Amino acid sequence: VERSRIFVGNMPRLLRDIVEEIVRSQPDMEITAHHEEGEFRIEPHQADVVILGEHADAELKIATVANDKRGANLVDPRRLSTVELSPQVLLAAIRAAASKTR
Amino acid sequence: VPENDAMDAPDADTLSTGHGEKVRTLIRVFIAADVRLYRDGLAQALGRQEGLIVAGAQRCGPEALALIAELLPDVVLLDVGMPQSCALAREIQRSAPGTSIVALGVVESDAQMLAYAEAGITGYLTLDTSLEDLIVVVESAARGEAICSPQLAGRLVRRLAALAVDREPDPPEARLTGREREIVALIERDLSNKEIANSLGIEVATVKNHVHNVLEKLSVHRRSEAIRLLNRAHRAGAAVTVPGLQDRTTRAS
Chain A
1 VERSRIFVGN MPRLLRDIVE EIVRSQPDME ITAHHEEGEF RIEPHQADVV ILGEHADAEL
61 KIATVANDKR GANLVDPRRL STVELSPQVL LAAIRAAASK TR
Chain B
1 VPENDAMDAP DADTLSTGHG EKVRTLIRVF IAADVRLYRD GLAQALGRQE GLIVAGAQRC
61 GPEALALIAE LLPDVVLLDV GMPQSCALAR EIQRSAPGTS IVALGVVESD AQMLAYAEAG
121 ITGYLTLDTS LEDLIVVVES AARGEAICSP QLAGRLVRRL AALAVDREPD PPEARLTGRE
181 REIVALIERD LSNKEIANSL GIEVATVKNH VHNVLEKLSV HRRSEAIRLL NRAHRAGAAV
241 TVPGLQDRTT RAS
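Those protein sequences? They're chains A and B, same order as listed. Following our numbering, the numbering of the first sequence begins with 1 at its first residue and continues without gaps. Following our numbering, the numbering of the second sequence begins with 1 at its first residue and continues without gaps.
Just so you know, these hints were derived from the structure itself, not from any lab. Because the structure is a prediction, the values reported are computed rather than measured. Please note: incorrect hints may appear among the correct ones.
[Stated by the list, open to error] Residues from chain B that face chain A, not an exhaustive set, calculated with beta carbons under 7 Å:
(1) L26
(2) R36
(3) L37
(4) D40
(5) G41
(6) Q44
(7) G47
(8) Q49
(9) D128
(10) T129
(11) V204
[Said to hold, decoys possible] Part of the chain A face toward chain B, derived, beta carbon under 7 Å:
(12) N10
(13) P12
(14) R13
(15) D17
(16) E21
(17) D28
(18) I31
(19) V83
(20) L85
(21) P87
(22) L91
Just so it is clear, CB atoms sit at the ideal spot from N, CA and C, and this is done for glycine as well.
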C-alpha cells in the first residue's frame, strides 16, 4: 500500500497526539513529522498532506512558493463545516487531499 | 465510535484467573466531551490501550449523566471547556459516587481550579498534556489518587487553611454521644460510678466503659479534668448540650 505522508503541527499537544493516533491506525497513512514548538519547516519532510491547527474563527489562506522560485500555489482551504469533525471525516479529508497531490 | 451509545463490551472488564474465577482488572473509562474529534479520537486511542476499556462516550449533558449513572465507570474524562462542566461534575458525584472525575482542558486560574476541586474533580489535564500523560492520570484516578500540579496542590492547601480559619472548632461535648453526655452531667454532680449506674438503670461496668470513652474522646486522664475542659469550653462560648448543665447552656455574648 502506498502510504500518504502526513505532517501535523501548530496545535495543542493532546489534539496532535489524538490526530496522530487516528492517522497511525490507517494502513495507507504515516506520520512523517510533527511540529513541537517554535518555527518549523514542512518541505524537508516531503509530506503529501499537512494538518495544521488554526483558530476556530480564522479563514486561513496559504500561498506556497517552490524552491526554484519559479512556481507558486495559492491554496484555498475548503471548510468541512457541513459536518462535525470526527476521525472518519478527518481521514476522508486526508485521503481526498492526498489523491490530489499525486 | 458510535455516538450517544455505551460501548457494547459485556464482561470486558474482567479477566479469568484460570481457576474459574474472574478478577476485575480493566479500568472502565467514560468520555464526556462536546468536541467530537476529542470524544471519538480519545475513545479510539484509549480503546487501544492495555488495561483500559472505553465504557461510553457522549456530549456533556443529561444524556451523559444518565449513561454514567447506568454504567458506573471507574473514571469519567470530562471536558471542562463548557460552562456547565462543574455542575455536571457535581451531578456525577451524586449519581456515581464511586467514579473518579478527570477534567480535560483545564484553565489554570485560581478560581477555576478551586471550582473544579470543590465539584469533586480529582484529576486535571490541560490541552497541552500528552496522550501518554493522560493515560497515567486516568490510571491514577482509577486508584483513587488525586493528580494535580504542585501549584494546584498549593492553592488547595491555602484554600483549606482559609476555610479552617473561618470555621469554629467543634465544642468538646460534640464528640460525645447522648449517653456519655448524661454520664458527664452526673459526674458533674459528684455521683460515683455506682450512683450513676443506679440513676440510669445500667451496670457499673457499663458506666466505667462510658467514662473511659469520655476521657479518651476528650483526651484527658481524670473525670475532674473532663469537667474542667467542658466548663472552660462553655465559658468560651461553645453551645452546651449536656443535660443537667442547662444553667450554662447559653452562648456567651
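Which numbered hints does this structure break? 1, 7, 8, 11, 12, 17, 18, 19 and 22
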